[in-house]
Amino acid sequence: GAGVSQSPSNKVTEKGKDVELRCDPISGHTALYWYRQRLGQGLEFLIYFQGNSAPDKSGLPSDRFSAERTGESVSTLTIQRTQQEDSAVYLCASSRITPGQGGVGAFFGQGTRLTVV
Amino acid sequence: RKEVEQDPGPFNVPEGATVAFNCTYSNSASQSFFWYRQDCRKEPKLLMSVYSSGNEDGRFTAQLNRASQYISLLIRDSKLSDSATYLCVVANQAGTALIFGKGTTLSVSS
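So the protein lines, in turn, are chains A and B.
Using my numbering, the letters of the first sequence correspond one by one to residues 13 to 129.
Using my numbering, the letters of the second sequence correspond one by one to residues 950 to 1059.
Everything labelled a hint here was simulated from the structure, so no lab data went into it.
Mixed in with the good hints there might be a few duds.
As the list claims (entries may be wrong) - Lysine-lysine pairs mimicking DSS-like chemistry, simulated, CA-CA at most 25 angstroms apart:
hint, chain 1, residue 1, chain 2, residue 2
1, A, Lys69, B, Lys1051
2, B, Lys951, A, Lys69
3, A, Lys69, B, Lys994
4, B, Lys951, A, Lys23
5, A, Lys23, B, Lys994
In this text, all values refer to a predicted model and were calculated from it rather than measured experimentally.
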């Protein structure tokens, strides 16, 4: 498809288990973002990738969270030893260029709804 | 001061009304600004970029005041389908990540 694709769409996991979330950005988009949105809350920035540059990890809430992206392709967000407070929708977005370079917005996938029980 | 602040609302207006949302941001070096809309339990969708000279897209007009670090969105002739949460978005100081406000909820009724 032409849009950002995320999988799985829903994930229920037991507390303490690890989970891996996947994002396929729009083809040709060099920038990729991960956000978290808890129920009824705003979007919380997690991590940003731009091409082969070092990612901006400033939003990751703890060392249980990590993300990878190879070049301009798929990204995975991994949460280790999940906790109930990790329950949220995890949203991935991509854009053609860095947003500070020219007013180009980002396009979101439909998100992965993570529930930790 | 929060990076991006919005009045959460809700704004309840009748069809056909004109409604304005405001947003302030803390980083004076920000260069890129956007409005997104988010429907309930859906992902945010880009509504429009905001340019220094102001810009219009149909019934929607966005304005930027750099001196006051203030962004606005005006919706004219509101439709039922405009009911959503409107998110003000600013690129962070490094010009990398997009920082989202918590959103303003609009409800348009017939």
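Pair hint Lys23/A and Lys994/B, alpha-carbon separation not exceeding 25 angstroms: Holds - the C-alpha atoms of Lys994/B and Lys23/A are around 23 angstroms apart, at most 25 angstroms.
Would the hint linking Lys69/A and Lys994/B be met if the CA-CA limit is 25 angstroms? 24 angstroms, holds
Please work out if Lys951/B and Lys69/A have their alpha carbons no farther apart than 25 angstroms. It holds: about 20 angstroms lies between the C-alpha atoms, which stays within 25 angstroms.
With the threshold set at 25 angstroms, check whether the alpha-carbon distance from Lys951/B to Lys23/A stays at or below it. Since the Cα atoms of Lys951/B and Lys23/A sit roughly 32 angstroms apart, the hinted pair is violated (cutoff 25 angstroms).
Quick one, are Lys69/A and Lys1051/B close enough, alpha carbons at most 25 angstroms? 21 angstroms, holds
Going through the hint list in order, the structure does not satisfy hint 4, though it satisfies all others.
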